[in-house]
Amino acid sequence: MDFFSMDGRGFYVWGSFGAFLAAIVIEIVLVRLRIHRAQKAVCDTLGSADPSGTENSDAGKGSK
Amino acid sequence: MSLFKYSAPSSFYPLAGRLVPWFGTLAFLLAVGGLYLGLFVAPEDYQQGEVYRIIFIHVPSAWMGMFIYLVMAMYALLALVYQTRLSAMMMEALAPTGMMFTALALWTGALWGKPTWGTYWVWDARMTSTLILLFLYVGYMALVNAIDDKKRADKAGALLVLVGSINVPIIYFSVKWWNTLHQGASVSLTQGNKMAATMLAGMLIMALACWMYSIAVALCRVRAIILERELHAAWVKDIREVRT
Amino acid sequence: MSAAILEGRDLGLARGVKQLFSGLSFAVGSGHALVLRGPNGVGKTSLLRVLAGLTEADAGEVWVRAKPTQRLSAASRSAMLYIGHANALKDDFTAAENLTDQLALDANPASAGQQLEALKVVGLFERRDVLTRRLSQGQKRRIGLARLHLSRGAAHKRVWLLDEPTNALDGDGSALFLQIVDAHLAEGGVAVIATHLPMALSGKVDEMHMREIV
Amino acid sequence: MSAVLASEQELSTPERGVWLTLTRDIKLAMRSKGELAQALAFFIIVVSLFPLAIGPESAVLKRIAAGVVWVCALLAVMLTLPRLFQSDYVDGTLEQLALSPYPLPLLCAGKMLAHWLSTGLPLAMVAPVLGLQFGLDASELLVMVAGLLIGTPVLTMLGAIGAALVLGVRGGSILMALLVLPLYIPVLIFGAGAVEASLAGIDATANLSLLAAMLLFGLVTTPFAAAAAVKISLD
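Chain order of the listed sequences is A, B, C and D.
Position 19 (the first sequence) corresponds to 19 in our numbering; numbering is contiguous.
Position 111 (the second sequence) corresponds to 111 in our numbering; numbering is contiguous.
Position 203 (the third sequence) corresponds to 203 in our numbering; numbering is contiguous.
Position 165 (the fourth sequence) corresponds to 165 in our numbering; numbering is contiguous.
Hint data in this document are derived by calculation from the structure and do not stem from the laboratory.
Don't take each hint at face value.
[Said to hold, decoys possible] Within a straight-line C-alpha distance of at most 25 Å, the following computed DMTMM-like cross-link-like pairs (lysine to aspartate or glutamate) qualify: (1) K40(A) with D45(B); (2) K231(D) with D45(B); (3) K18(C) with E56(C); (4) K40(A) with E44(B); (5) K140(C) with E117(C); (6) K67(C) with D203(D); (7) K231(D) with D91(D); (8) K18(C) with E27(A); (9) K151(B) with D45(B); (10) K27(D) with E126(C); (11) K140(C) with D170(C); (12) K67(C) with E212(C); (13) K237(B) with D44(A); (14) K237(B) with D58(C); (15) K114(B) with D45(B); (16) K67(C) with D92(C); (17) K140(C) with E126(C); (18) K140(C) with E97(C); (19) K40(A) with E27(A); (20) K18(C) with E228(B); (21) K18(C) with D172(C); (22) K231(D) with D10(C); (23) K114(B) with E44(B); (24) K33(D) with E97(C); (25) K18(C) with D45(B); (26) K176(B) with D235(D); (27) K151(B) with E212(C); (28) K18(C) with D235(D); (29) K18(C) with E230(B); (30) K33(D) with D91(D); (31) K140(C) with E212(C); (32) K67(C) with D91(C); (33) K40(A) with D148(B); (34) K18(C) with E50(B); (35) K27(D) with E56(C); (36) K150(B) with E27(A).
[To be verified] A few chain D residues that don't get close to chain B, going by computed Cβ distances all over 12 Å: (37) P14; (38) E15; (39) R16; (40) W19.
Think of the CB as a built atom: it goes at the ideal place given N, C-alpha and C, for glycine as much as any other residue.
Bound conformation, chain A alone:
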């Protein structure tokens, strides 16, 4: 509990760390969405005969 209160300034410390974490998580999600969409667009232009799900094979490895 002491750890989280940070001398009673937990708001500032965890506000910083929280924003940092949130920004990075959001960025990772957005980038992965973007590459998924790009790969889907490639599949679409190659014709509908493309089996779905293939694009996850490499995007899943995206920045962890």
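With the hints as your guide, set chains B, C and D onto chain A.
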């Protein structure tokens, strides 16, 4: 010439795909180590108390914000001189991450300032220059997004970043000059009190983590950009065929 | 063609995802005109802009006098005279002022007397001091004709790149245009003309038909 | 043959390119004096708004005078930047400039000079009157005018790059402000700083010479950057 092989988007795409997990993993491990050092091992600062721990993300963010702009300027030079398409794509891939780190530096700086100096914002030289750096990122992204023709957007963005990067030292100098003239709040974040070795180590490790993260996320984004641009190129079809 | 003044070598250009042309090669010799034909949107204007150096080709090179030229290099700029859809005229200047300015930019040494003479030839002498905003489209086009008239031959800006030059011109104007181009070719000039109208030039004319690339 | 010689002779003096665009743009500006007056009127009106918003205490006004005048000069210059290339871009003149045998950087330099003569210079000329409204005295006014005379050309030169980059782009003028304003900050700091220094009784030459250094650096570099931007926008 083998180096130039990878300046073609078609060969860079798979290479970047192979590199992303490595840099991503490295970033994750470093971040875990750095945060452990920063939050649990490093001692409390005898002047600022616990709140100084913001340093472990504030300083790396500020560094990355500046460093990424510098890297973009280098790519800008390559894009304009050697006309390599990939350099411009790398710029476009780096800009959002650089902007994010710059914004985070401002945000964490404000949250640090309030308990430490009693105000969220001081017009101190470093904070002010970081704010201007954020404006430079905004300008670049706005310009590149506003131009439909990708070829033109690449070159225009590169020229803007080049002009901006020449201006950055002048801006820093002028802001510093202005700050001393007004004898305003000169905020010294790291000087004054000697940093414990563990503090320094934690900060450096976190900076390294941010660096690796930036590489991973930029490589991932550049892959998306390559696919978006080369949607109709022949090699893209080959890649999909290999994968299917 | 040994005396090729202007050559396109393997030129390729895409706009967005659309490939306008690729592997396009041709040569135009002294005294020759090349007429570009093809439907709208096939890339005639783009090709002219590539030759002028305004647009950068994705592939290939433009050669002038058997030498490869960089986009907008000094050699290219002193050879190319480009007249596009826009007339490059200032509404607030008179016809005569506009002509003087254009020739000055071309580094064309035509004297004031020669300029008045040229305005007479294109039928703008009486209207030379009228602000360009009060001229008709065809009359504006004729200022360009005066510029061409004074740029004939091999002396300067030898390669003419003309985009739909007879647009807005009446019958007389078109005939005048043909005369000027013929004179230019006879004096050793070169012209590349994009048009969808018949071009009854009396000199040596090649035609290039551009087609949509699927 | 004589024509060949003549054209070569003329090109042996490429600096004539500066003169060409300078005289042409000045002449154009003189034909539409209304536009010139607009920028000036904007400058005067916006500066006059500040006392109304802040109150007429002379100590406060004197304190903010330099900043207000400089920010307004900056905005006034920025509003006129589209004039540099926009109409030339639309009517096809810019293509002809790029294709002229004269080097494009020199032609751009001439345009910048014309732009400064028709905006920066008049602004610097009216500034003392506005400074009087804020209670500045003669020596401070002198420093302010000197600063504006050295600083506004830099605003024009940096602005030319931005103006060329946004040609034909959606939302051009706001976008241009985004690109250009951050680059204007050093000029603002040194320009306003000069007046503040003289207000505080310090020698203002340090500020002014820094502005002059920027001017010299800009003179050498920005015509090339603007020319490159024009080429990019024509592509």
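Checking against the hints above, which ones are violated?
Going through the list in order, the structure violates hints 1, 2, 4, 6, 8, 9, 12, 16, 21, 25, 26, 31, 32, 34 and 35 and respects the others.
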